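If you read the sequence shown in UniProt numbering, its first letter stands for residue 1, the second for the next number, and so on.
Here are the simulated lysine to any residue pairs, SDA-like style, with alpha carbons at most 20 Å apart:
(1) K36 x G76
(2) K21 x R53
(3) K36 x N67
Each pair of labels, with its calculated beta carbon distance range:
(4) V5 x G66: 17 to 23 Å
(5) N67 x A30: 30 to 36 Å
(6) E77 x R11: 25 to 31 Å
Derived by calculation from the structure, the hints in this document are not laboratory data.
Just so it is clear, the structure is predicted and the values come from calculations on it, not from any experiment.
Cβ coordinates follow ideal geometry from the N, Cα and C atoms, glycine included.
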Amino acid sequence: MNDTVHELDVRRLLCPMPVIKTQNRIRTLATGDTLKVVCTDPGALNDIPAWCRINGHEVLETGEQGNEVFVVLRVGEDNGALF
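Construct the entire structure; sequences and hints are all you get.
Following this line, the structure appears as structure tokens:
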């Protein structure tokens, strides 16, 4: 298993941009990498996990920190999936 952790800052972006930026970043990562996506759009707490389920990525954690929300995910084998 890969222990590389990456962070994606999509603060101040609204739907659907957090999901699109997450998809684009995942395409550059290796299977097993971990990506923490930090957002200010609370809808991302539903949108990104739903996209992960459809595209074979594992959601490790979701949460809120002040005015920000975050999703931590592990990149699955199909990291080139289209939204």
